[in-house]
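There are 2 protein chains.
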Amino acid sequence: MNIELTHRQALLATYRDGLLQDTLPFWMKHSVDREHGGFCFALNRDGSRLSADKFLWLHGRFVWLLSTLYQTVEPKAEWLELARHGLDFMRRYGFDTDGRMFFSVTQDGRPLRKRRYLFSEAFAAMALAAYANAANDADAARQAGDLFRLMLRYITTPGLLEPKVNPQTRPLKGLTLPMILIAVAQTLRETTNDPLCDEWIQRSIDEIERDFMKPEFDAVLETVGTNGEFYDNFDGRMVCPGHSIEAAWFILHEAKYRGNDPRLIRLGCTILDWSWRLGWDDQFGGLLYYRDAKGLPSAEYWHDMKFWWPHNEAIIATLLAYVMTGDAKYREWHQLAHDWAYAHFPDPEFGEWFGYLHRDGTVSTQLKGNTWKGPFHLPRMQWYCWQLLEK
Amino acid sequence: MNIELTHRQALLATYRDGLLQDTLPFWMKHSVDREHGGFCFALNRDGSRLSADKFLWLHGRFVWLLSTLYQTVEPKAEWLELARHGLDFMRRYGFDTDGRMFFSVTQDGRPLRKRRYLFSEAFAAMALAAYANAANDADAARQAGDLFRLMLRYITTPGLLEPKVNPQTRPLKGLTLPMILIAVAQTLRETTNDPLCDEWIQRSIDEIERDFMKPEFDAVLETVGTNGEFYDNFDGRMVCPGHSIEAAWFILHEAKYRGNDPRLIRLGCTILDWSWRLGWDDQFGGLLYYRDAKGLPSAEYWHDMKFWWPHNEAIIATLLAYVMTGDAKYREWHQLAHDWAYAHFPDPEFGEWFGYLHRDGTVSTQLKGNTWKGPFHLPRMQWYCWQLLEK
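The listed protein sequences correspond, in order, to chains A and B.
In this note's numbering, each residue's number is its place in the first sequence (first place is 1) plus 1.
In this note's numbering, each residue's number is its place in the second sequence (first place is 1) plus 1.
Please note: incorrect hints may appear among the correct ones.
A pair holds if it fits inside one copy or across any two, identical chains being indistinguishable in the list.
Simulated crosslink set (DSBU-like; lysine-lysine; CA at most 30 Å straight-line) [unchecked claim]:
| hint | residue 1 | residue 2 |
| --- | --- | --- |
| 1 | K215 | K30 |
| 2 | K30 | K174 |
| 3 | K257 | K295 |
| 4 | K174 | K330 |
| 5 | K30 | K295 |
| 6 | K77 | K115 |
| 7 | K115 | K174 |
| 8 | K165 | K115 |
| 9 | K115 | K295 |
| 10 | K295 | K77 |
| 11 | K215 | K330 |
| 12 | K392 | K174 |
| 13 | K115 | K30 |
| 14 | K295 | K165 |
| 15 | K165 | K257 |
| 16 | K115 | K330 |
| 17 | K392 | K295 |
| 18 | K330 | K77 |
| 19 | K330 | K30 |
Hints were generated in silico from the structure; no laboratory data involved.
Predicted, not measured: the structure shown is a model, and the values here were computed from it.
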């Protein structure tokens with residue numbers, strides 16, 4: 002660890018205090034629904050409510066966060082109580098009769114949308130696993146494992162998850178699935194000794210390396226054929242640097258878990274290098290959302306916006322890569338990502354971060370939470386980097 | 002008509018020459034697939050291909066355009082031949098066994114996506130109706146009518162079209178449906194004397210006025226409850242000014258067809274007034290894509306981008322409103338929309354228009370065509386305004 006002590010202490014304080022004095026209080030103050038249970042995450046800049054609809058996958062994320070903080074930071078009763086509060090709502094209103102989960106429900110829990118994706122289930126599994134650890138709750142651990150196996154059944158049984166594109170014509174797969182499996186299995190592994198966890202982490206890393214990494218473009222693709230085929234069209238050429246940077250640190254985290262496995266370190270750093278070079282905006286700074294592997298125009302008209310979460314992932318990935326390799330390049334990138342993010346995303350008036358900036362760093366929409374943004378990427382970054390710097 | 006003669010002549014030439022010497026040649030040169038049939042609309046700035054996938058709803062739009070030009074501008078053999086070329090592909094590869102259409106297919110016609118929406122069917126009906134007129138083809142006329150009735154059956158039979166949001170919990174409807182029904186029925190009426198056309202035009206206009214127009218916000222909402230209920234959430238508050246401006250001129254067009262029906266003129270102008278005031282960007286000029294009826298932040302992070310098509314719709318609507326009412330306000334708005342659009346969208350190097358600009362008018366993605374952008378809004382505006390100014 003070569004970051005000078007004072008700089009390291011300042012960074013640590015930024016992450017720790019940001020989490021405990023800003024991010025967490027914002028969501029604990031504004032999102033909790035004591036009347037109907039659960040959380041309302043659709044919040045305006047000042048924390049006032051923009052919609053009372055409830056998003057199950059964000060419930061899973063917040064419950065995971067609260068349980069993880071209870072377990073790793075301090076056993077604060079109000080954190081565990083709030084995790085339990087979220088879990089109660091998820092258990093009561095989140096599940097359809099087939100065992101799958103809804104994506105969104107009304108304030109009082111009536112189903113609104115169920116999607117083809119398994120995000121609600123994935124984050125519920127992570128929430129249950131972390132809560133099981135925090136509360137020493139065997140039921141929650143069992144339910145987490147059941148959800149993980151339900152996900153595996155849906156993923157491995159052809160036809161159970163209806164794909165967007167006709168699989169007879171063009172069988173495709175997305176980077177999302179191996180990534181979410183790594184995240185779920187890494188979390189579940191801390192609660193159970195189910196060998197399925199290690200098995201699926203390895204399978205998922207292998208799949209990313211074999212099928213999604215394309216050395217001919219120095220890029221990790223978002224969508225490939227089921228055997229890793231490259232498709233020369235909009236979806237096939239699409240790279241989401243923030244997403245592959247997240248994959249990079251999942252793999253680095255796994256390398257650390259395995260006693261600094263050198264092969265995994267190289268793999269994670271390669272993905273980070275490729276994604277950084279594709280994603281970093283030399284003109285305005287910050288990470289671009291989408292890039293085309295061949296440098297062609299993106300079909301997504303908002304491709305050059307700066308979202309909060311890729312910057313959270315980049316701050317984690319570059320810090321972790323620096324800590325694990327000592328390579329000064331990662332220190333420099335960490336500084337770039339950290340400085341740009343902290344210069345543009347925090348809301349000086351009401352706290353927390355804005356989520357959506359134009360390419361030039363000006364704010365596009367001031368809301369703090371919606372269907373996609375809740376207490377996850379930012380506090381996970383603050384927690385992870387704080388813990389990393391403390392060690 | 003109080004626009005001075007020289008200004009009127011200059012405007013007319015801009016629209017006519019733009020259509021005949023720029024827009025149409027661009028697509029005729031670059032999009033036609035002589036090998037596999039049909040059109041590839043995913044084109045880069047210079048007309049080179051970005052994807053070979055074929056989008057059925059854009060086929061319907063181009064066939065409608067070519068047939069309409071043949072019928073109303075000049076009976077050019079190559080226009081009719083190209084309309085036939087597109088129609089052949091649509092008939093051969095566009096239909097599923099249930100009579101519904103695919104949304105996209107591969108270059109050689111294998112099905113990729115079928116969507117819950119009826120856009121492919123709507124634009125195929127318009128294409129067939131216009132082609133039937135141009136080619137005096139009774140089969141095409143019959144098929145257009147059949148598709149219109151298929152749409153009506155899907156729309157009026159509960160459960161046939163699976164809604165995004167659980168209809169038991171929250172039965173919703175969108176502005177898209179009455180709008181597309183007006184467009185299809187207005188086109189079909191020029192080919193057949195089916196009384197269903199007039200009936201559904203009136204029903205759709207009544208529905209927009211009764212359920213989607215909200216005087217309490219001076220806004221036409223995109224999504225309401227099936228009985229016009231206002232929902233105070235992201236979707237419920239969403240206004241798309243370009244879309245409601247398009248509805249405004251559909252209604253003004255209907256007023257003209259009915260011998261300048263004063264009630265319909267007032268209705269169309271009210272929608273135009275509301276939408277213009279919500280949508281026009283006083284700071285940078287141009288029309289914002291989404292607005293919140295209560296002025297709250299939009300959930301769509303790209304809400305403030307400037308797309309080409311709302312400007313096409315605004316140029317038509319303001320010119321038509323000016324011609325029909327003589328109100329100087331509409332002349333001024335037409336000038337504003339026209340000038341801003343022509344200052345920012347045209348590509349000086351390769352012709353046609355860019356589709357997607359940032360709020361400040363700079364280009365976000367340089368492509369000329371994708372899943373959504375093809376030869377429709379721009380050439381329809383050029384054709385409609387040219388014809389309007391010539392009368």
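Evaluate K215 and K330 at a C-alpha cut-off of 30 Å and name the case that applies: within, between, both or neither.
Classified as within: same-chain Cα gap 23 Å, cross-chain 56 Å, threshold 30 Å.
Using 30 Å as the alpha-carbon threshold, which applies to K115 and K174: within, between, both, or neither?
both (20 Å within a copy, 18 Å between copies)
Checking an output row: K115 and K295, CA cutoff 30 Å. Within, between, both or neither?
between (35 Å within a copy, 28 Å between copies)
Within, between, both or neither: how does the pair K174, K330 come out at a Cα-Cα threshold of 30 Å?
neither (33 Å within a copy, 53 Å between copies)
Intra- versus inter-copy proximity for K295 and K392 (alpha-carbon distance at most 30 Å)
neither (41 Å within a copy, 49 Å between copies)
First find the shortest C-alpha distance between K115 and K30 inside one copy, then the shortest across copies, and answer within, between, both or neither for a cut-off of 30 Å.
within (28 Å within a copy, 44 Å between copies)
How would you label the pair K30, K174 (within, between, both, or neither) given a Cα cut-off of 30 Å?
Close neither inside one copy (40 Å) nor across copies (35 Å); limit 30 Å.
Homomeric proximity label, K295 with K165: Cα distance no greater than 30 Å
within (24 Å within a copy, 34 Å between copies)
Is it within a copy, between copies, both, or neither that the alpha carbon of K330 lies no farther than 30 Å from that of K30?
Intra 39 Å, inter 48 Å, cutoff 30 Å: neither.
At most 30 Å between C-alpha atoms: does K115 with K330 qualify within a copy, between copies, both, or neither?
neither (43 Å within a copy, 47 Å between copies)
Check K330 against K77 for me: Cα-Cα at most 30 Å, and say if that holds within a copy, between copies, both or neither.
So K330 and K77 fail the 30 Å test inside a copy (38 Å) and across (63 Å) alike.
Status of K295 relative to K257 across identical chains (alpha carbons, at most 30 Å):
Classified as neither; 33 Å inside a copy, 50 Å across copies.
Comparing the model with each numbered hint stated earlier shows that hints 1, 2, 3, 4, 6, 10, 12, 15, 16, 17, 18 and 19 do not hold.
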